[in-house]
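Colleague: Model the full structure from these sequences, guided by the hints.
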Amino acid sequence: MDYLTAIAAWLVFWLYRQHLLHNAFPSIYPYERNWGPRDYVISFLIIPLFWTILHFLSGAYFDLYRKSRLVEIYRSLIIAMIGSLLVGMVSFSNDTDSFKYFFEITLWYFLTHTFFLLITRLLWLYKVKRDLLKGKVSYHTLIVGGNGKATKVYNEIKNNPHVLGNEVIGFVSADHNVAPLNIGNVPELGSIDQLEQIIARHRIEEVVIAVESHEHKKLEHILTQLSYTPTIIKVLPDLYDIISGSVRIDNVYAPVLISIHPELLPDWQKVCKRVFDILFSLLALTILSPLYLFTAIRVRLSSPGAIIYKQQRIGLFGRPFYIYKFRSMYTNAEAEGPALSSDEDRRITPWGKVMRKWRIDELPQFVNILQGHMSLVGPRPERKFFIDKIIATHPHYKYLHRVKPGLTSWGMVQYGYAENVAQMVERMKYDLLYIENCSLALDVKIMLYTIKVLFQGRGK
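If you count by our numbering, then the sequence shown holds residues 799 to 1258, one letter each, in order.
Zero decoy hints are in this set.
Simulated crosslink set (DMTMM-like; lysine to aspartate or glutamate; CA at most 25 Å straight-line):
id, residue 1, residue 2
1, Lys932, Glu1003
2, Lys1068, Asp861
3, Lys1155, Glu1224
4, Lys1068, Glu1234
5, Lys865, Glu1003
6, Lys1182, Glu994
7, Lys956, Asp973
Just so you know, these hints were derived from the structure itself, not from any lab.
Modeller: Next comes the structure, spelled out in structure tokens:
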């Protein structure tokens, strides 16, 4: 729709532009002129492709059935303004030497494109609402809580005409000591400890947590269990949450709930972060190729064994993947079991110590970033062996897996490599702060500090 909208808006505007140019400069711009191949390429390929890419970068194509109409209209106006200005600077600035003409023609293009864009957007949003009302599209929803709260939330979802799309699949009791929930034909699906399996089995998209406001420990336990699931979590707020500003309302008729989305960044920042990851990684692999070759030769000469070492780590939502590094240790370094390295670790080769100081051993992880397993910035990925040890005493370590692991992180900049589990827990505090404050601006700051650390040789 956006591609066709861009073509229609451009063709209508092009006719008006030719009219203005002909009236102002009849000898230079004839009213009627034949189109050449260049005009067709611009009108039917370059212009619509430009707008489609711009909408993609803005995050317009994510989660189409959960979009707010007001937010989408606001986003469309902002993108139309930015896109029209860019098109104007490239296409209209050479028409004449008059700034007044440039401003007028760019404004007309903005108004024309916005008119067509809003019509198609509103038609799409109308279709979305109709599909939700007719039940063609629904979100499998799970309610976790005790009898009283769970019943109240269920009735609000079931009977509120302004709550669209939520199909309650079942309940999970938050307390083993109460009687099983018995509401209509909706079954109880299991216990809190089985949440991950229940969500995977029933393809749950949203989880509503309905527990008493004073049961903070129980709420924390439930949220920890949900850390490895890409679901939207909604929590009943207490008075403190409302006063502190944690509650944001989009629909004045919907139940008052705190929404915790699996994506911590806005859509446009998420797209830009991924695009930047790919472009930066390709650039690094190209520019640093001589260093890769030199390092590979030195690793081969340092000791017998493979040049690239791969090891299973835990990534986004607890999913395992293989991380790549230049081998910095002697082979069979962990014959006696997993162990963290230290400054005086005898398992590290002499060249391995040099690589670790300048973090050269991490360079192959640009391949992990291209594969989509990692990002440039995010908590460093760890092995399941050590994660299980940490979770036994600090279960909220699971929160780190709500984002992709990174090549560098706030924890690495502030703390560095961890030599034991206690230091991993200490470093975790910085990574939790990153998750709560993540943004593109923070990513840029962390990358700049990482470059500073690298040039100072403060790695391990």
